[in-house]
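Peer 1: Following UniProt numbering, the numbering of the sequence shown begins with 1 at its first residue and continues without gaps.
Worth flagging that the hints you see were computed from the coordinates, not collected in a lab.
All C-beta atoms in this analysis are idealised placements derived from N, C-alpha and C, irrespective of residue type, glycine included.
Each hint should be verified, as a subset may be incorrect.
Said to hold, decoys possible - 25 Å max Cα-Cα, derived DSS-like pairs, lysine-lysine:
hint : residue 1 : residue 2
1    : Lys-21    : Lys-2
2    : Lys-21    : Lys-10
3    : Lys-2     : Lys-22
Claimed, not checked - Each pair of labels, with its calculated beta carbon distance range:
hint : residue 1 : residue 2 : range
4    : Arg-9     : Ala-29    : 37 to 47 Å
5    : Ala-11    : Ser-31    : 24 to 34 Å
6    : Ser-31    : Lys-2     : 41 to 51 Å
7    : Met-4     : Lys-24    : 24 to 34 Å
8    : Arg-28    : Leu-8     : 36 to 46 Å
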Amino acid sequence: MKYMGSFLRKAATTNLFNSIKKRKVQNRAMS
């Protein structure tokens with residue numbers, strides 16, 4: 001159970017990082 005929690009937290013962090021990176025790329029493409 002503890003392992004699952006850390007896995008979910010890692011997945012959420014990766015999702016957040018990817019969305020931020022995607023947003024930066026979109027901003028660069030617009031400007």
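Peer 1: So, against the hints stated earlier in the document, which numbers end up violated here?
Peer 2: Numbers 1, 3, 4 and 8 - these are the hints that the structure violates, sorted from lowest upward.
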